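Visitor: Spelled out, the chains give:
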Amino acid sequence: MYNLVGNEILKLLMKKRLFVVFGILLILIGLFAYGEQYTRDRTEARVAEQLGIDDIDDWREITNQQLRDLERRLENPFIPDEGRASLEVRAEQLRYYLEKDINPTTFSAGQFMSNFMEQSIFLFLPLLIILLGADIVSKESTTGTIKLLMTRPVPRWKILTSKVLALMVLEMLVIFSMAGISLIIAYFTFGSLGFGEPVITGFRIVDGSLDTSNIRTVSLGVYNIMVYSMGYIVAFTIGKMALMVSVLVKSTAAAIGIMMSSLIGGTFLSFFIGDWELTRYLFNVNLQLTDFLSGSLQQVEGLSLGFSVAVLMAWAFGSMIIAYSVFQYKDFMD
Amino acid sequence: MLKFIKNYLWPVFLVLFIIGSGFFIYGVYYSFQIVSGDVTEELSENEVADENSDEDPGEVSTEDEIDADPGDENGAETPAEEPAKAAPGLNFISLGDSLARGTGDDKGLGFSGRTVEILQVSSEEEINYRNFAVDGFQSLQLLEFFENPDFLKEIGKADGIFISIGGNDLRTIQNLASQEQESAYNSLKKMYLETLEETFLLLRAENPDALVIFLGLYNLDYSEVNQDETEFLLRWNAATNQWISLEKNAVFVPTYDLFQFQLENFLSFDGLHPNDKGYQAIAERIFEVLPSFE
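Read top to bottom, the protein sequences are chains Z and A. Going by the numbering used here, the residue at position 312 of the first sequence is 312; the numbering climbs one at a time, nothing skipped. Going by the numbering used here, the residue at position 256 of the second sequence is 1256; the numbering climbs one at a time, nothing skipped.
The reader is advised that the hints may include incorrect statements.
Unchecked claim - Covered stretches of chain A, as calculated for chain Z (at least 3 residues, CB under 8 angstroms): (1) 1195 to 1209; (2) 1274 to 1288.
To be verified - Facing chain Z, a subset of chain A residues (Cβ under 10 angstroms, in silico): (3) Pro1011; (4) Ile1034; (5) Ala1184; (6) Tyr1185; (7) Trp1243; (8) Ile1244; (9) Ala1250; (10) Ser1268.
Just so you know, these hints were derived from the structure itself, not from any lab. Note that this is a predicted model, so its numbers are computed, not measured. Note that beta-carbon positions come from the ideal geometry of N, C-alpha and C, so glycine has one too.
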């Protein structure tokens, strides 16, 4: 088994497509970082112009004033509890910036990392996984090497299991390289890591509206681990589904096509029939796991982190069951 | 080469995978904890402790603590106050939006705090002052405050009540297309005046004698000369002025003229709220119209 998995990983690593994926990541993240820097410079210049000052280097004064403002607001005994919680975390954030002498308007590599994952978790990351995973079985069908595999004295389920495990390692590799490349590029662009910065999280959705009574801050480092774990859950699910499609169809192009169209088509579908209750069981709708952490409002009602993860897992295991039962009995010899 | 990769490189990936899994399990576990809101670790505990101390407005300890605060600001020690009206000195409170709270003021006093400061100089009696304004408040939200019995107690004690409200109501029409603004303005103003009436009914039921000092709006949109919006603002002010002036024991203090030529001087960083000078100017104007308290 150990050798089988090693073999599969070797096959995946030898693929040119892997380097295509790295290339895409490099170019995309580079552009993203450049764009971010550019817009930030522009906004800064515009704000400075609006306020009639040459430079916003008196951020300390402004932040101090904001902080005093928040603290004074907290003294009011008649503000509602959820308002109080959000004031408190915002004050905590500002205090951190003042204490560590960080200009709160500057952007750090850690923020870029989490932003990048939040932006790519529902489309870009699945696309990469599909690109890598959709041919894992079908390619062997196309080239005929599957026959060689089948003639070896190993049970079929072991062969598929080795592929599943190899794909899981590869998914991890993709997530790691997303983190690594964005970290390095962003560090050179923005100049600070910022993993200690406090990030606001802990939103809940109660009766369809955002509940902020429970919010708190975590450090940006921990937040990044959380965001990238959410990314891995998505990669895991999409990988399993791609594997299933790859078992079902023979040609790699067809496998990639099917996966991509269901990914994009499902997203459209959720836009059009968002009211329909069944849409929340589509995998597409549940891909934006990071939204639960960052508190962006959901477009589909009734979702929660637990629900979404459960739906994604159900899709993953459903796909696995289909993949295994088909692979066990499929005739590869024609 | 292949052999090398197979024997030595792939275990590296395996180790990477195991480490990564550890990270991700931690991440998922932590995410769930945070989202479900039952993180009982280091940070949250202190916070909860902090929060509890000033969470419940009904608690007596809170009242004392906050009562002591304005005393410090006025440079005089206020002993813990009796809840009844027998409290010595005059009681002033401030209600409404960010202007009443003093956003943009470096000293954080706002026009109401500064008025009290000026009053304190000439008055022999001690003046207690509390600020209950909340940033971004609209008239309806202020009305909701009157459901709170603790708040009503404060109202009952007051000799003077500063109110600034309506600016945030009016600002909601700024984002509309110009052809819709007229009708939106009319319905908004109707609602606002009704809310104001209701607010005054509740206020007067609790305290018929207190002097209400109601602040007029200054120009919201100073950056561009926008005739339509300025017109709305003036009409709004005129309607409020008429309504307030007809009330007993209430005075409308206009600010539009005060800010008209002084926007550069009187506005703070954010370009919306007054700065120290702006608040001081308002306070001085209020002082001029105040009757003498005895």
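Visitor: Could you run down the list of hints and mark each one as holding or not?
Guide: The hints, checked one at a time:
no., hint, in the structure
1, 1195 to 1209, "violated (count 0)"
2, 1274 to 1288, "violated (count 0)"
3, Pro1011, "8 angstroms, holds"
4, Ile1034, "5 angstroms, holds"
5, Ala1184, "25 angstroms, violated"
6, Tyr1185, "27 angstroms, violated"
7, Trp1243, "25 angstroms, violated"
8, Ile1244, "23 angstroms, violated"
9, Ala1250, "22 angstroms, violated"
10, Ser1268, "8 angstroms, holds"
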